[in-house]
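Q: Line order of the protein sequences matches chains A and B. Residues in the first sequence are numbered consecutively from 0, following this note's numbering. Residues in the second sequence are numbered consecutively from 22, following this note's numbering.
Keep in mind the hints are simulated off the structure, nothing from the lab. None of these values were measured; they are calculated from a predicted model. Check the hints yourself; a few may be wrong.
So the derived list for chain B, only partly shown, Cβ under 7 Å to chain A, looks like this [what the hints assert, rightly or not]:
1) 126
2) 140
3) 143
4) 144
5) 184
Beta carbons are placed, not taken as given, at the ideal position from N, Cα and C, and that holds for glycine.
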Amino acid sequence: MSCSATRTASMRTAYGEALVEVGRTNPNVVVLDADLSKATKTSLFAEAFPDRFFNIGIAEQNMTTVAAGLATCGKIPFATSLAVFSTMRACEQVRTSVALTNLNVKIVGFYGGLCTAENGPTHQCIADLGVMRPLPNMTVLAPADAPSCKACVRWAVEHPGPVYLRGLRDGEPVLYDETGPADVSRIQIHREGNDGAILVNGFMLHLALEAADRLAARKIHITVADVITIKPIDQKTLLEIAGNVPCVLSVEEHNVLGGMGSAVAEVLAQKHPLPMRIMGVPDVFSNSGKHSLLLEAAGLTTEKIVENAVELLAAT
Amino acid sequence: MARGQAHDVDSLREIARQLRIDSLRMIHLAGGGHPGGSLSAADLVTALYFHEMNLRSEEPDWPDRDRFVLSKGHGCPVLYAALARLGYFDPQHLDTLRKFGTILQGHPDMNKTPGLDATTGSLGQGLSVGLGMALIGRLDRRAYRVFVMLGCGELDEGQVWEAAMCAAKYRVANLTAVIDYNQLQLDGTNDEIMPLEPLEDKWRSFNWNALRIDGHDMPAILDALRAAREHEQGPTVIIAKTIKGKGVSFMEDQLDWHGVAPNAEQLEAALVELGP
């Protein structure tokens, strides 16, 4: 399933294109944006279906709740902004008008993690997964690349109920073939090995695959798996993976508290305890700067993944 | 019930009186709830549900029904009483308000109560929900109308004004906001907590058609609803001056009756005033 990462593609453009695709086949798909349509690429949908696009202005609380109103009338709204505003500025609206109502609203937030980089910590978002995960009825998706983002959009249209889709930006290495994963709700296994397992999502998949190559050169063979759906997490595949390895390392571009690593640990601690490390953004706010430098400062590099994997293996 | 075929003014007044009685009984049995804001809204809810709105109680999900969003969700007893009277559910459920396992939650839950169009209670969100419904009515070329009832204290919420601006942008003439303007909120009067005036000017400056009426004057309410229906250029707000606790002398305009249930003695005294 996984391609070698020889090319990159914009996840935002993929999102806009996917909306147009689903918009063509499903007339109930409608899209909202909060004056960021040129950044989120919902502009592509707006051009194709002007009547089904609502630019609500810089008012995420209203946008989220209007989306709930649209959904009461049978529509499938994609309410789109930046991750930090979609999930945090409008958090209580998501809880009350979307999650509690169990309406068919898709909350989409781009620039998840640190990838809005130079814009600084006001625009970076390392808490979205932790904020969305404890909301009953909410499904939480965090794809790694353009094809898997498209697959998430297609999946969300077919999946009735609230969904949070965490997007990145552009320039993500393409790691899936063009059609993306067949079922994004399942953990996607990219490498198989019995010495350990690395569970990742988002941009970290690319780094974990590089780390796996370096470990393989040292005769350490590890499983690399992409946890696209953080909630409800694919327990079956997770426990199958855990059953074949002595230890698990999770790596994500999110606060080490409350994200994918936490979701994995909640399952393993109760059903298959084994040594585990959680790599992510330390529980501090980041800075302005190049994305690669912010990741380095957070310890999210190929080298650090290798280092942590080796240490974890040595301890087990 | 088809719009306009319903009841004459005297019958509507009688229904409103019954809804007030039902509300107080429910809140008493529940041992908690919001009597003041239920009584202030009773005439407005009656005019909407028993005269203005186009509904099919036997088909709660009828796509062409008019919608009602009680954005001031804490006033739900009077809405539940109206829905029961219209046959959306067995009136016996009214005795279960706020009790574990009830279909009548402490604040409105659209997934639990037949006839409810929205889940509300967290103040400030209802106008946005109603705006979404109104946008789809227009997109799908359906003739339904959407009514959103707001509390006055609720107007403190910034989201109300986000929605107001947005509704004017889209010129949704099928959307009507009704403000239950009893001038009291939990901690004090509007003037003490957050002054709202000049309120019509605020809405007009947001490009809404604004009407001010006495929210207990049934003919005036019906006239305003008709004027809102006939206004085709955009949304209308009806600022309905009301009295919190209306109909029970010792509750009227009393801050303390915002969120307290009457005990047996107080209920009896209230029912004597409201009549048999």
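Q: If a hint holds in the structure, say so; if it doesn't, say that too.
A: Now for the hints, and whether the structure bears them out:
This hint is violated: residue 126/B has a C-beta 10 Å from the nearest C-beta of chain A, more than the 7 Å allowed. The criterion of a C-beta within 7 Å of any C-beta in chain A is met by residue 140/B, whose closest approach is roughly 5 Å, and the hint holds. A hinted interface residue such as residue 143/B counts as satisfied when its beta carbon comes closer than 7 Å to some beta carbon of chain A; here the least separation is about 4 Å, so the hint holds. Taken as an interface hint, residue 144/B does not check out: its beta carbon lies about 10 Å from the nearest beta carbon of chain A, beyond 7 Å.
Nearest Cβ of chain A to the Cβ of residue 184/B: about 5 Å, under the 7 Å cut. The hint holds.
When the structure is compared with the earlier hints, violations turn up for hints 1 and 4 and for no others.
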